[in-house]
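> Sequence:
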Amino acid sequence: MSRANDACETTAASVRGAGEAAGASVTAPFAALRPALPGKAAARNAGAFAPHRPLTRRAFARGLAVAALSAAAFPLAGCVDQHPYRNADGSEQQRLVATSPAVATICDKLDLELVGVCNTTRDLPERYAELPQVGSPMSPDLETLKSLHPSCVISPNTLIDDLRPKYAGIAVACMFLDLRSVDGMYESISAMGAKFDRRDQAQALVTEYDAFMAAFRASVEGKPQPSVLVLMGLPGSYIVATENSYAGSLVALAGGQNVYAGSNQEFLNVNTEDMQARDPDIILRTAHALPDQVMQMFADEFATNDVWKHFRAVKEGRVYDLPYDQFGMSATFNYPDALQTLQPMLYSKKG
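Counting in the numbering used here, the sequence shown tops out at residue 351, every number present.
Please note that a few of the clues may not be correct.
Dumping the calculated DSSO-like pairs for lysine-lysine here, alpha-carbon to alpha-carbon at most 27 Å [unchecked claim]: (1) 146 to 223; (2) 146 to 109; (3) 166 to 146.
For the record, the hints were derived by calculation from the structure and aren't laboratory data.
Given only the sequences and the hints, what does the whole structure look like? Please build it.
Structure representation (structure tokens):
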């Protein structure tokens, strides 16, 4: 490996280390999930409802610390000159690439200009509609990406183990955002605000989030917190989503108690007997992809597999399908819609 590539690999590793040191969570890609059977049932005591904490000065400062450490790691002075785009004073131009729709939306909220975006069937912010596309979020086209001479490539941290060595291989700096939860998204926004000189925009977004959550918490204060089983479907199969997944984090934010709380993984392979033993008040079903196919699969599974008729949630009619546009794999700014969708599911006797 060349010295340039060595320097860029160090850059990526340093960025990751900075995030972990500051408390950022880093996960393997979804495709790399390993089966994990749960142990004893997680405790589901109905303690004080506090799934969300406002992003305090300490949390905001943690975001700034991540950015500061990342900034120190980003310069590629040891690399060959990959960035011929320079300002009049000789400094390198800021040339950012967003490799997922969620990341592009965050960049738009922070009023950041991009030079490239991912291929996607979803709507991107209008300002980015005509930009060069660099391939899918999970497998960007490295040749196209390198040709844009990015100063920083921004991706979700669920793909860090797969993408980090690829970015190092083409000697580009990178930043990975924690989009597994709404809190993680806003801490990443704080870090981006510091890194890319958008502190005021970042703070405005954080303030808006804290105000919404204060009002939402007040609306459900004092209500019993139901136990919830969250199923994530793929065509032909399904797994359990813990509170470490985005869908699971929304349930926790809304006040639900995940029956598989306490795991350090996002998803678990679990047999239906164990699920039944945990006796969830509510079963929520969502899709990893291809939502129409997945929801039909769930309907067939619950209709033909006799084990489900023994679940109390099924007997009481408290099985709900979550809309794919609100409960995907990455945190987005439509979390208020998702929480409003969850509220009647969690806090009404029946659907």
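> Hint by hint, note whether the structure agrees.
Hints and how they fare:
Between the alpha carbons of residue 146 and residue 223 the distance comes to roughly 53 Å, so the proposed pair goes past 27 Å and is violated. Restraint check: the Cα-Cα separation between residue 146 and residue 109 comes to about 25 Å, which is no more than 27 Å; the hinted pair holds. Between the alpha carbons of residue 166 and residue 146 the distance comes to roughly 11 Å, so the proposed pair stays at or under 27 Å and holds.
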